[in-house]
Every structure is written in C-alpha cells, then in structure tokens.
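2 protein chains.
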Amino acid sequence: MVPTDILTLIEEYIAAWNEPDSHIRIELLETVWDDEGIYADPVSHAMNRAGLDVIIEGFLEDNPGAKIILNEKIDHHHNYVRFSWTLHLNDGREIPGMDYGEISPDAKLIKIVGFF
Amino acid sequence: MVPTDILTLIEEYIAAWNEPDSHIRIELLETVWDDEGIYADPVSHAMNRAGLDVIIEGFLEDNPGAKIILNEKIDHHHNYVRFSWTLHLNDGREIPGMDYGEISPDAKLIKIVGFF
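Listed in order, the protein sequences are those of chains A and B.
If you're matching positions, the first sequence starts at 1 in the working numbering and goes up one per residue.
If you're matching positions, the second sequence starts at 1 in the working numbering and goes up one per residue.
Bound-form chain A, shown alone (with noise of 0.2 Å):
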C-alpha cells in the first residue's frame, strides 16, 4: 500500500495542474516540487520549479476548463513512483496518461517525466 504521505503529494502535485489561480498554485508547488526539479513529457521540459508553472499556466490556458483526475493506484518502491491519471478536456474528450516520480529525501518531486 502506498504511503499517506505520498499520496497527498501526488495529489497536490496533480492539484497544481488544476488550478489556474497562479498564486495558489504557485503555494501547491512551493509544497510538492524541489527548486531544481526536472519535469518532463512529449511535449514540454523544464529544468525547476518556476519553469513547470510556466508550462501549467501554458497548458491551463491552451485548456480552459480542463481537469486532470489522478487514478489512486499509485506503485512506490524506493523513492520511485508511477501513477496514473486522466486528462478531461471541455469538449469530453478524455486523455489517459502516465507519469514516473522521484521523490527527494524531504519529501518533495524532484523528478516527473510524463508519457500519454
């Protein structure tokens, strides 16, 4: 079973994905995601914190309205984990996707690389 812990981070982390208020989801970030963490997926990379805001705000508005449901079967082992989740675009499509994590000895993202 999955930690509580690492729930909650990954549920916050998707929780930044989801708000388009910079200033809280900046707070979510500040909580989930090291300075230096790298974030990666087909179409985006960014080398810390404030370049993964950029990419959100960018995608949040290419999106409006969309919403990203993290699926709560997450695997852990080590400081590695893999969950799943589902991008709900307004127009009903929906996206699944997959993201591979590090999480750092204070509890914090230092590494996401997403695949859909």
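Please note that a few of the clues may not be correct.
When chains are identical, the list treats them as one kind, so a pair holds in a single copy or across two.
[Unchecked claim] With a straight-line Cα cutoff of 20 Å, these simulated SDA-like cross-link-like pairs (lysine to any residue) come out:
#, residue 1, residue 2
1, K73, F115
2, K73, P42
3, K108, N18
4, K73, S84
5, K108, V2
6, K67, N79
7, K73, G97
8, K73, F59
Worth flagging that the hints you see were computed from the coordinates, not collected in a lab.
Knowing the structure of chain A, use the given hints to seat chain B on it.
Frame of chain A, contents of chain B only:
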C-alpha cells in the same frame, strides 16, 4: 514511432535478463548498460553494471526457465523510455510489469526503474 536504435537497445537489455550464460550476458550489458547505470525494482537495487549483473544472475538462479517477453509498444520522448513486458515463469504463471528508463548521450541505459 520509436526509433529503431532505441527498440534494439531495449530488446538487447531484455535479452540480458533472459541470458543464463554469464559471459554472453555481460557482453550484452556492456553494449546496453552504462557503467554507472542505476537499476531499481520493488525487490532490487543496483548502482552500476556489475550490480545489475548480480541481480540478473540471482533472478535466473531463482527462476530457472523464466523468460521475459517485451511488449514492443515502447513510449519514448527526450531521453526517456517506457515499456511493458511479461515475465513467463516455468510453472505457467505470467507476471506483467513496466519499466521506466533513461538513455545516456552515448545511447546506453543509465537508469531503469521497474514496477510490477
């Protein structure tokens, strides 16, 4: 579509897991695995090629006749890969799994994190 060289890299990596001859196996690992490559799954962790070889040797000793079959639907972006496989045990059991991987600039695996 995944580049042919990446598919070959992953196929040779899986071949190493299926190779009980230690001389052939280490040749395969020298081709596909960085000296300092990190390997982790729910029950194993290695910090370099020699450590991975020890893990594979133990796996094959514990599971004679086991064979890992790669699902050739590989996801790939930047220097990251994701692929699935099925472990066929000689008692008929089949165990599905998925690996996340990172590829070095000289086209070797520098990290595999497996989930099953």
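Outcome of the hint check:
1. Within a single copy, K73 and F115 get their C-alpha atoms as close as 17 Å, and across copies as close as 13 Å, so both meet the 20 Å cut-off.
2. Taking identical chains as interchangeable, the C-alpha atoms of K73 and P42 lie at most 20 Å apart only when they sit on different chains, with a minimum of 16 Å there against 23 Å within one chain.
3. Within a single copy, K108 and N18 get their C-alpha atoms as close as 19 Å, which meets the 20 Å cut-off; across copies the closest is 36 Å, which misses it.
4. Taking identical chains as interchangeable, the C-alpha atoms of K73 and S84 lie at most 20 Å apart whether they share a chain (8 Å) or sit on different chains (17 Å).
5. In this homomeric assembly, K108 and V2 come within 20 Å of each other (Cα to Cα) only inside a single copy, at 16 Å, whereas the closest approach across copies is 31 Å.
6. Taking CA atoms no more than 20 Å apart as the test, K67 paired with N79 passes in neither setting, with 27 Å inside one copy and 28 Å between copies.
7. Taking identical chains as interchangeable, the C-alpha atoms of K73 and G97 lie at most 20 Å apart whether they share a chain (13 Å) or sit on different chains (15 Å).
8. Within a single copy, K73 and F59 get their C-alpha atoms no closer than 25 Å, and across copies no closer than 27 Å, so neither meets the 20 Å cut-off.
Going through the hint list in order, the structure does not satisfy hints 6, 8.
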